[in-house]
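Visitor: The primary structure of each chain is shown beneath.
There are 2 protein chains.
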Amino acid sequence: MDQQALEDVDVIDLGQIYNGAYSSLMLSYLGADVTKVEPPFGEPLRSRVEEGEPAELVMLNSTKDGITLNLKEERGKELFKDLVRDADVLVENFATGTMEEFGLGYDTLSEVNPELIYAHGSGFGEDGPKSDRLAMDLIVQAESGVMDVTGNPEDPPTKTGIAPGDFLGGIHLAAGVMAALYQRERTGEGQFVEASMQDAVYPSLMSQLANYYDDSDTPPRTGNRHSSLAKAPYNAYEAEDGYVAILCTSDEHWESLCGAIDREELADDERFASNVGRVEHMETIDDAIEEWTREHSREEVGSVLSAAGVPCGSVQSVEEVIHDPHLERREMVVEIDHPTEGEIRVPGSPIRLSDSKAPDIEPSPTKGEDNVEVYRDRLGLSDDEIERLRSDGVI
Amino acid sequence: MDQQALEDVDVIDLGQIYNGAYSSLMLSYLGADVTKVEPPFGEPLRSRVEEGEPAELVMLNSTKDGITLNLKEERGKELFKDLVRDADVLVENFATGTMEEFGLGYDTLSEVNPELIYAHGSGFGEDGPKSDRLAMDLIVQAESGVMDVTGNPEDPPTKTGIAPGDFLGGIHLAAGVMAALYQRERTGEGQFVEASMQDAVYPSLMSQLANYYDDSDTPPRTGNRHSSLAKAPYNAYEAEDGYVAILCTSDEHWESLCGAIDREELADDERFASNVGRVEHMETIDDAIEEWTREHSREEVGSVLSAAGVPCGSVQSVEEVIHDPHLERREMVVEIDHPTEGEIRVPGSPIRLSDSKAPDIEPSPTKGEDNVEVYRDRLGLSDDEIERLRSDGVI
Chain A
1 MDQQALEDVD VIDLGQIYNG AYSSLMLSYL GADVTKVEPP FGEPLRSRVE
51 EGEPAELVML NSTKDGITLN LKEERGKELF KDLVRDADVL VENFATGTME
101 EFGLGYDTLS EVNPELIYAH GSGFGEDGPK SDRLAMDLIV QAESGVMDVT
151 GNPEDPPTKT GIAPGDFLGG IHLAAGVMAA LYQRERTGEG QFVEASMQDA
201 VYPSLMSQLA NYYDDSDTPP RTGNRHSSLA KAPYNAYEAE DGYVAILCTS
251 DEHWESLCGA IDREELADDE RFASNVGRVE HMETIDDAIE EWTREHSREE
301 VGSVLSAAGV PCGSVQSVEE VIHDPHLERR EMVVEIDHPT EGEIRVPGSP
351 IRLSDSKAPD IEPSPTKGED NVEVYRDRLG LSDDEIERLR SDGVI
Chain B
1 MDQQALEDVD VIDLGQIYNG AYSSLMLSYL GADVTKVEPP FGEPLRSRVE
51 EGEPAELVML NSTKDGITLN LKEERGKELF KDLVRDADVL VENFATGTME
101 EFGLGYDTLS EVNPELIYAH GSGFGEDGPK SDRLAMDLIV QAESGVMDVT
151 GNPEDPPTKT GIAPGDFLGG IHLAAGVMAA LYQRERTGEG QFVEASMQDA
201 VYPSLMSQLA NYYDDSDTPP RTGNRHSSLA KAPYNAYEAE DGYVAILCTS
251 DEHWESLCGA IDREELADDE RFASNVGRVE HMETIDDAIE EWTREHSREE
301 VGSVLSAAGV PCGSVQSVEE VIHDPHLERR EMVVEIDHPT EGEIRVPGSP
351 IRLSDSKAPD IEPSPTKGED NVEVYRDRLG LSDDEIERLR SDGVI
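As they're listed, the protein sequences go chains A and B. Numbering of the first sequence is given in UniProt numbering, commencing with residue 1 and proceeding in unit increments. Numbering of the second sequence is given in UniProt numbering, commencing with residue 1 and proceeding in unit increments.
In isolation and in its complexed conformation, chain A is listed as follows (with noise of 0.2 Å):
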């Protein structure tokens, strides 16, 4: 096995911030060659940082080649559809609009290469009425039902710590561009690919759309409770040293639970049964649980939990999911040395085949890195004409 799922397949790549750069480094850990493309100022992450690399371009961008093109420059536009002439695949996660406002959108590079697969990333997509609006992974949680549905019930609406917009977003837009190559491969032809971050976190209310035609009477918001309030115990748990999450999907749950907290005259009590009484019971039930983990570390609770079959797991920190040996094991959290940012974990392919190999995670590359390789050698400019583009701020 040294082939590769996506070998041979040139990405072109405009991607950036979260949204463009995931997507296009899926393509790229499945083993696309993948070209990012930024202004010559640098893409919007860079100004995160005075100096250096920031560390979600770095985690973002690895194993990507670099370049610098201005595309607000005629010369830049003109260089810009020579590399999408040969390419295979275009990823860019600019405002709606923005290419075409460039004299580049799918209508014009369609002409270019026929066979080119286009995919946009945006907040809200490419129709409808809020197409135009801004969208930050805050505006989406707001505008997708995420904020309402996370945080206390007697608490305001409250996001979620992570991105979903961005990463639903920029997966959902990876897959479409497969599932254009896929067809391409009957067509010969390219198409345009979109896929928008509120579109992409629809779905995961799944659990909440399904509330609303239960006509259930739930709050909007439950905690760390389920979702309808419909299963006990469901929670997290106050231990030691943290947290830790504990829920039981069946009746053996409950009794295994029961028996490894050593409080079998739960398991035997006739109101806890059944998940219905445990559910009407829910207050007595969590405190009897929590006045057992509050005597435990994480790692007790979910040893001896674990062992007993019920379903359980540590609330880890940031720094513990960087450092977790499981993720370590599957390589999903790799550590690199990189040139100007020393050692740092970036986040491997959480998509596996069999036959097709892992990726050599390569550095994100700096600010126009493989600017020679790629002007010289694909698109045969000579090393003065390089230069003079520099010195014209085309690159």
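For the record, the hints were derived by calculation from the structure and aren't laboratory data. Heads up, a few of these hints could be off.
Among chain A residues calculated to face chain B with C-beta under 7 Å, some are [to be verified]:
(1) Pro129
(2) His172
(3) Ala245
Virtual Cβ for every residue (Gly too), placed ideally from N, Cα, C.
Given the structure of chain A, go ahead and fit chain B onto it with the hints provided.
Guide: For chain B alone, kept in the frame of chain A given last:
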């Protein structure tokens, strides 16, 4: 355009609850023929309602055919191999190891059909110390850091109301299937594909992963504020009829905001001229904005600030999201008339391709709805044989 990207791709779908079902839903929406295979007593989601079809199942299984099959019975295993023999893809999200227990692991099935793409979704993946952990979404949220970074600084870790593990895991798995389909065009061989929920969630912690490397002393949870408290304004603000999210990513946004809320003096205040200054005076800034938002409806805030070019969004309730005119217009929410459940709004596809027809959204199958069609027309069984399978509890 009457083609679909995955036309003629035949998928056998053991996907259940959210993760596997969503993965195959995306394949189905892209044109694959998906046959959902449930045990004779139905997949676990069905136990959520006493009669009829659970809304979650309806929403995640549109356009699929549905059959029943008991994989614990010898005859069931044989029939399953017959189904897999001519299939392109198998999707399953049983606990890791379950298919091997059935005698239907990848090693066995790849002998039956070497071109088979076998896709396994799970909480923690195929290998590593946590691979045999039970993994519902809450457990994954705990272990992956989502809970630690969600909620108010003074509160315990909080889950996000959406199910990031199930849906990020599911769409990464679908993306892996498409990568393998593309590779198979070259090699003629199938392969084993996997995506775990914890792996798939990891990159979405991006802001916090970067905070870790920035050595910032930001608390793990920042409520609705920026995850590294590095931007102001950035928050959810109370309006007359709910909440609105507002943020400024540039000084221009800030100046426009001050103008829009009739507080030009704030724009002139040197303390607030730069983001660094605004961050220092975050409370003052937030109070000033909220003083204004409290006097307006979410819609008024949205139209005033959007006109001024300031990023903002309404915190929408689930009911509002289900009826969001934008999502309706984009056919991301589609009302269908389900034979038993009546009118219900199901998700459309977040993946849009210009030359692959949008899915015709057919209602999800009832349990075993297509048994006769599949077992007779596809496997060539007689009506008598099908009847016997039914009475023997095989289907």
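Visitor: For each hint, tell me whether it holds in the structure or not.
Guide: Structure-based check of all given hints:
1. The restraint placing Pro129(A) at the interface with chain B holds, with a minimum CB-CB distance near 5 Å, inside the 7 Å limit.
2. Checking His172(A) against chain B: minimum C-beta separation of about 5 Å stays under 7 Å; hint holds.
3. At a threshold of 7 Å, the smallest CB-CB gap from Ala245(A) to chain B is about 4 Å, leaving the interface hint in force.
Hint violations for this structure: none, all hints satisfied.
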